[in-house]
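Visitor: Those protein sequence lines, which keep their order, are chains A and B. Just so you know, we're using my numbering here: the first sequence kicks off at 599 and counts up by one. Just so you know, we're using my numbering here: the second sequence kicks off at 772 and counts up by one.
To be clear, the hints were calculated from the coordinates, so they are not data collected in a lab. Hints are supplied without guarantee of correctness; some may be wrong.
[As the list claims (entries may be wrong)] Lysine to aspartate or glutamate pairs mimicking EDC-like chemistry, simulated, CA-CA at most 16 Å apart:
hint	chain 1	residue 1	chain 2	residue 2
1	B	Lys-934	A	Glu-603
2	B	Lys-934	A	Glu-637
3	B	Lys-934	A	Glu-630
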Amino acid sequence: MNMKEELKAFVDNELSEQDRTRILREIENSPELQAEVIELRQMSRMIQEEAWQPEPVGLERTLGALASGGKRTPWWMGRPMQLVGALGCLVIFAAIMFPVFAQPKAASRKTWEMNQSKREATSVPGGHPNVSSDYPAFSAPAEEKGKFSPQVEAGWSGSGFKDNVVDAQFRERDSNAGLSKGANARSKPVAGEATSSQAPAVDLGSLPAPRLEIKTANLSVEVIDVPKAQQEAEAITKGVNGRVQSSQKSDDEGRLASAELTLRVPVRAFETTVNRLRKLGRVLNDSISGEDVTAQVADTEARLKVMRAEEDQYIELLRSTKKVGEVLSVKERLSQVRQEIESLEANRKVLRSQAAESTIYLSLTQKPSEIHPRQDPEWSEDAWSRAVSSLGAVGRFLGKVVVYLFVFSPIWLPIVGLAWWMNRRNRR
Amino acid sequence: MQAVTDMGTPREANDIASIAREHYDTVYRFCARRVGVDAAADTAQETFLTAQRALAKFRGASSLSTWLLGIAHNECRRMARKRRCEPPTIELTETGSAEHHEETIINRQALQQALAKLSTEHREVVLLHEVEGLSYEEAALVLGVPVGTVKSRLHHAFANLRKSLTEYQEVAR
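Excised from the complex, chain A in its bound form:
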C-alpha cells in the first residue's frame, strides 16, 4: 500500500504509532498531501454530521415480542389491509363453495320430505276418517272440542310442517262441524222430537275414561346389515303382538341396501317398540305424531244412538200407519236411516281399530362405510371403473370451482388485487 492509500487511515487515526509518525513526516513536507488531508477530513466530517438520522420507531413492539419469548409479531397485526383482503377472499371462497356442498344436503332433505308426505298420504286408507266422504263426521259439542284441542296442539308442537297438518285438520273439522250441524238440523223435523238433538250432549257426559289416540311414528335408521336389522325389527314387532303390515326391500347391485317396513303394534307397546327400533342403528330421522280421536268416536257413537232412536220411531210409525203412500214414504226414510247407521258403525270400527294399533313407518338404510366387500373376482375392473368414475367426479368438481371462480371474479379479483398491491407497497 503506497503512502496515498494510507492517508485515509491516517485521517481516521487507524494507523499504528510507527506508521502514523512516518505519514505525518511525509505530510509536513508535502503541501499537496496537506490539501488532500484537509479535503478528506472535511468530507468525512460532512458525512458524519449531515448524514440522515432516521427517527427510531417500534421499540415497544420489539420489547413486546422479546417479552413474549421470541414470538414474532403476526404478519396480520402489522398489515391490516392484507388481513382484510385475506378475510374477504375467505368469505368469497366460502360463499362459492357453500352451494356446492349444500346441494347434496338439500337434495337429501327434499327426498326425505317427499317420502314423508307420501307416507302421510298413504297412512289414511280410503281417506282420513275425519275427512272421509264415506263417513260423514258428526259435530262435537263445543265443550268437548275445548277439551281435546289443547291436547292435540300440545302433542304437535315442535314441528312446523306438522303444525300445518294439524291446522288443516282443525279447519276440516270445523267445516265438517258446520256441515253436520246442518245435517243434524235436517234430522230434527223427521225425528219430530226435541229430545233427539239433546241426546249426544247427554251421552257424551258418560264417555269412557281412556282416550283414543292414533299414534304414528316415522323412523329412518342407518344400520350395518339391513336384512339382519329387518329381521330384528320384525321380531320386535311380533314380540309385542304386533304385525308387519307391509315391507319392501331393495338391494340393487352397486347401491346401498334399504328396506321400508310398515309395522302395526298395540298402542300400549308403541313407545317400547319405537325405543327398541331406535337401537337398531343410527337414527337419521325420528318423528312421532299423535291424533286424539276420542271426540270423533264419541261423535260417531252419539250420532249412532240418535239414528237408532230414529229407526225405532220409524218402525213404530210404520206399524201404526195404514195408508200405502205413507207406508212407502216411511219405509224409504227408514232405509236411509239404516244406511247411515251402517256407515257410522263402520266409521266407529275403523277409528277404534286405528286407535287400538299404532303405526310405525320404519326405513332401514345401509351405512355406507360398512358395506361388506364383495368377494368379486373382477375386483380390478371394478376398482378401475370406480377410480375413473371418481376422477370424473373430481374433474366435474374442479370444473365447477373454476366456473364459480370465473363468475365471481368481479368480486374477488379486486380484493386480491388490492391485497397484492398493498403487499407490494408495504415491501417498498
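Given the coordinates of chain A, assemble chain B onto it according to the supplied hints.
Guide: Leaving out everything else, chain B in the frame of chain A:
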C-alpha cells in the same frame, strides 16, 4: 460482557430487554439506511429476536453493538432480498452549523451526488465507518471481511468521492 455470557434464563430475558433499550436506536438507524423506514422496524425486531436466541453463544469477541450490527447486517440482506429493496444510500441533510458551512470548501450537493455514484461495497464501508462510527476492525467484523479490505475500500471510496467532487467543480466553472 462476562455478565451477559454467564447469565441464566431469567436474567437473559431481562437483559435482552435492556440491551434492546440501549441499542435499539443504533440498530434501527442502521436498518433504516439499508432497507428503508417501512421495513426498518420489522428488521430491527428480527435482529433483536435473533440476538435473543443467540445471546447464550455470544462470547464477547467484539463489542455488543458490533455483534448486534453484524446480526442486523444479515437481517437487512435477508429483508432486502425478500422485499427487493434498493441498495443503501447515504443521504445528507442540512444539520450542520452555519460556521461550519462557511469554513468548508465542499459543496454538499456535489458530495451527495458523489456518494450516490459509489459502488454498493464502497458505500457500505462509508456508512459503517463514517455514519455508524465503527472502527475499521468493527466494520470488518460486521461485514465479515479482513480489516485490510475495509481500509482499502475506504481509501478507494474517498478517492472516488474526491474525483467526483473535482469533476463537479470543473463543470461548475
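Visitor: Would you mind marking each hint as holding or not holding in the structure?
Guide: Against the structure, the hints come out as follows:
1. Taking the CA atoms of B:Lys-934 and A:Glu-603, the gap is near 15 Å; set against the 16 Å cutoff, the hint holds.
2. Restraint check for B:Lys-934 and A:Glu-637: satisfied, since their Cα atoms lie roughly 12 Å apart, inside the 16 Å limit.
3. Taking the CA atoms of B:Lys-934 and A:Glu-630, the gap is about 15 Å. The hint holds against a cut of 16 Å.
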